[in-house]
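K.L.:
Single-letter residue listing:
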Amino acid sequence: MALISLGVIVAGLVLLYLWQGAILASLRSQRASALLSLQDLERTRLHLEYQVEQAYSLDALADKARKLGMVPFDDKRTRVVVLDGDGTSR
Amino acid sequence: MGTELPVRRGAVAFLVLAVGGLAVLGRLVQLQVVEHSRWVRAAQAVQEDLIELPSRRGTIYDRNGTALAYDVPAWAIALDNSLITKPELLVDLAVRELGLPRSEVLTKVYREGYFTWLDRKVDYEAGRRLRDRARELGARGLLFFPTWKRAYPQGPLALPVLGVVGVDGEGLAGLELVFDSQLRGKPQRIRVLRNARGQVQDLWVESQGVPGKDLRLTLDSRIQWACEEEIEDGLSKYAGAERGFALMMDPRTGEVLALAHGPRPDPEKPDPALLNPWAITQVFEPGSTFKALTGMIAFELGVAGEEELFSGDSPFVVRGVPIKNARGQSYGTVDFKRAMAQSINTVFVQVALRVGKDRMVEHLRRLGFGARTGIELPGEVEGIVRPSDKWTELDLAVSSFGQGIAVTGIQLGTAFCAMANGGNLVCPRLLPGPTEVRGRAASPQACERIRAVLGYIVGLQASTGWLAYVPGYKVGGKSGTAEMAVPGRGYVPDHVTTGMAAFFPWDRPEYVLIVVYQTTDNPEFWSGQNAVPSAGNIVRRLAALGVIRPYDKTALGRSG
Numbered sequence: 087m088a089l090i091s092l093g094v095i096v097a098g099l100v101l102l103y104l105w106q107g108a109i110l111a112s113l114r115s116q117r118a119s120a121l122l123s124l125q126d127l128e129r130t131r132l133h134l135e136y137q138v139e140q141a142y143s144l145d146a147l148a149d150k151a152r153k154l155g156m157v158p159f160d161d162k163r164t165r166v167v168v169l170d171g172d173g174t175s176r
Numbered sequence: 005m006g007t008e009l010p011v012r013r014g015a016v017a018f019l020v021l022a023v024g025g026l027a028v029l030g031r032l033v034q035l036q037v038v039e040h041s042r043w044v045r046a047a048q049a050v051q052e053d054l055i056e057l058p059s060r061r062g063t064i065y066d067r068n069g070t071a072l073a074y075d076v077p078a079w080a081i082a083l084d085n086s087l088i089t090k091p092e093l094l095v096d097l098a099v100r101e102l103g104l105p106r107s108e109v110l111t112k113v114y115r116e117g118y119f120t121w122l123d124r125k126v127d128y129e130a131g132r133r134l135r136d137r138a139r140e141l142g143a144r145g146l147l148f149f150p151t152w153k154r155a156y157p158q159g160p161l162a163l164p165v166l167g168v169v170g171v172d173g174e175g176l177a178g179l180e181l182v183f184d185s186q187l188r189g190k191p192q193r194i195r196v197l198r199n200a201r202g203q204v205q206d207l208w209v210e211s212q213g214v215p216g217k218d219l220r221l222t223l224d225s226r227i228q229w230a231c232e233e234e235i236e237d238g239l240s241k242y243a244g245a246e247r248g249f250a251l252m253m254d255p256r257t258g259e260v261l262a263l264a265h266g267p268r269p270d271p272e273k274p275d276p277a278l279l280n281p282w283a284i285t286q287v288f289e290p291g292s293t294f295k296a297l298t299g300m301i302a303f304e305l306g307v308a309g310e311e312e313l314f315s316g317d318s319p320f321v322v323r324g325v326p327i328k329n330a331r332g333q334s335y336g337t338v339d340f341k342r343a344m345a346q347s348i349n350t351v352f353v354q355v356a357l358r359v360g361k362d363r364m365v366e367h368l369r370r371l372g373f374g375a376r377t378g379i380e381l382p383g384e385v386e387g388i389v390r391p392s393d394k395w396t397e398l399d400l401a402v403s404s405f406g407q408g409i410a411v412t413g414i415q416l417g418t419a420f421c422a423m424a425n426g427g428n429l430v431c432p433r434l435l436p437g438p439t440e441v442r443g444r445a446a447s448p449q450a451c452e453r454i455r456a457v458l459g460y461i462v463g464l465q466a467s468t469g470w471l472a473y474v475p476g477y478k479v480g481g482k483s484g485t486a487e488m489a490v491p492g493r494g495y496v497p498d499h500v501t502t503g504m505a506a507f508f509p510w511d512r513p514e515y516v517l518i519v520v521y522q523t524t525d526n527p528e529f530w531s532g533q534n535a536v537p538s539a540g541n542i543v544r545r546l547a548a549l550g551v552i553r554p555y556d557k558t559a560l561g562r563s564g
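Here the protein sequences line up with chains D and P, keeping their order.
Under our numbering, the residues of the first sequence are numbered 87 to 176, in order.
Under our numbering, the residues of the second sequence are numbered 5 to 564, in order.
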């Protein structure tokens, strides 16, 4: 009887060990997949950041301004304002 | 008898089981203990992958923290030709998603072998699309390796200065080459454990890797952009203009704020010729911009004065050789300031003769000519200033208006920085750091006097530098046009370098600006028509961008 009880306890412990091992393997797998997703997300973030910076580069802004009909700064559209010491123009 | 038999049977069964158990145990010991490492290696070979993720190369920033070049995610895609299941589909996908030529993809897909690179720098989105489509359609045989690709968020801005990196992430030109070891990091190594279905079961970082170090430059992306736009504009509108550069420096520190070369290279497929920062790597004869330096040397030595009168008649004969003014024009008796304003060669020949060969060469060397400036770019050349004992009187005469010697753009900029900062020859720099003074080029008084002359002439409508005048910004400077000497042909009339060396505000300069254009097919290529207005336009552009504020009560405004 004692032998049977010992066998049951050992079998129980083995099953517990195997079950925990399985859980651990599953958690490791989830963690690995999460880490890979995180890496993927980080790479996507960097890619998007690049696209945003490109869109706001001086070249891109100048292009957009031209498309909106804003002409480049030139002498014809420039006038000279003479400022007095107090900042008023004359 | 009745109880003996089960006991015997039990003993036999126990014995059989024990022997069996011992055999299993023995085998386990053999596998797990004796041959442990062998089977671990075998299991690893089947279940584990070692992924080497290249480290992210350092970012290059301008002085305000704007990123000019950094690594963005990309894919290196290869083919495992032994695994390809649907080759035709794979070819179609690769052609559509990667934009590769069909013939190239066909050759690679139908090649006999286990591993063929398809493309090593695939855009992140394109690579993902290709991977997803291949999975959906069940096309096997593609291998995806995460990697990085150098990207330029500001487009081709300052590309000849920044340089480029090769397919393995190594610096090939410009600052990328000079600071390669600093920018480059160490790759991260990740071990991945896969299950029987190939899914990732576990992963761990074997080696953390070290990302590359960032680089912060003295360049200001706004000034750089304004200069590049103006040079591009100039190349499109000035007849014959083939290439040009604009250099802007802070004369007090030697910091290079902009070094723009045109035509601009395409960052996706850069033309090596356009990546050459020729303001550093090539020489040219500076022409009449040099008169400003001749004047400064004369003031330093006390051999000429601002109001002193000279004969402006053309030609002026030196050792039997007639030296002419531009277009052979004579001006009668003129003072030094007018000679500077109208760029009268014959007057500066007289000034140079008063200076003398030895003193001229000595002062040119003090101004940094004939020696590398030490700027952090590869391929810098020394320029050409021959020793004074090899100079003839004619060499001395023509050097006064920038012929017979050869300088680089950065040398000219550094010499004008010395004039602008009161005489200190500072080291030009692309990386911030303490100001390094290489020596004393002239006294503060001589610098101040020549600056006043150059400030006066730009504000004079009759001067060659008038088109650089911008109300409120107190631009001073000197223009110059020089024919280029071609080996075997001498000076060729349609090979011309034009330049404008400017600074502002002229009384206490904060900026030095050098603009140079070159042509090889226009004999009527004059600085007053291209380099001078370009210098003025750059100042206007910077004013419009709000980078600079007016120094005078008179300011620019915008109408309409």
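Hints may be right or wrong, so weigh each one.
[Claimed, not checked] Pairs of lysine to aspartate or glutamate residues, derived as DMTMM-like cross-links and limited to a Cα-Cα distance of at most 25 Å, are as follows: (1) P:Lys190 <-> D:Asp145; (2) P:Lys341 <-> D:Glu135; (3) P:Lys125 <-> D:Glu128; (4) P:Lys361 <-> D:Asp126; (5) P:Lys241 <-> P:Glu440; (6) P:Lys361 <-> P:Glu487; (7) D:Lys150 <-> P:Asp237; (8) P:Lys217 <-> D:Glu139; (9) P:Lys125 <-> D:Asp126.
Quick caveat, the hints were computed from the structure, so don't treat them as lab data.
K.L.:
Evaluate each hint against the coordinates.
P.N.:
Structure-based check of each hint:
Taking the CA atoms of P:Lys190 and D:Asp145, the gap is about 34 Å. The hint is violated against a cut of 25 Å. Distance check on the hinted pair: P:Lys341 and D:Glu135 sit about 55 Å apart at the alpha-carbon level, beyond 25 Å; violated. Taking the CA atoms of P:Lys125 and D:Glu128, the gap is about 18 Å. The hint holds against a cut of 25 Å. At most 25 Å may separate the alpha-carbon atoms for a hinted pair to count; P:Lys361 and D:Asp126 exceed this at roughly 68 Å.
At most 25 Å may separate the alpha-carbon atoms for a hinted pair to count; P:Lys241 and P:Glu440 exceed this at roughly 39 Å. Among the hinted pairs, P:Lys361 with P:Glu487 is consistent with the structure: their alpha-carbon atoms are about 23 Å apart, no more than 25 Å. As the CA atoms of D:Lys150 and P:Asp237 are separated by approximately 18 Å, the hinted pair is consistent with the 25 Å bound. Between the alpha carbons of P:Lys217 and D:Glu139 the distance comes to roughly 21 Å, so the proposed pair stays at or under 25 Å and holds.
Of the pairs offered as hints, the one joining P:Lys125 and D:Asp126 holds, with about 17 Å between alpha carbons and a cut-off of 25 Å not exceeded.
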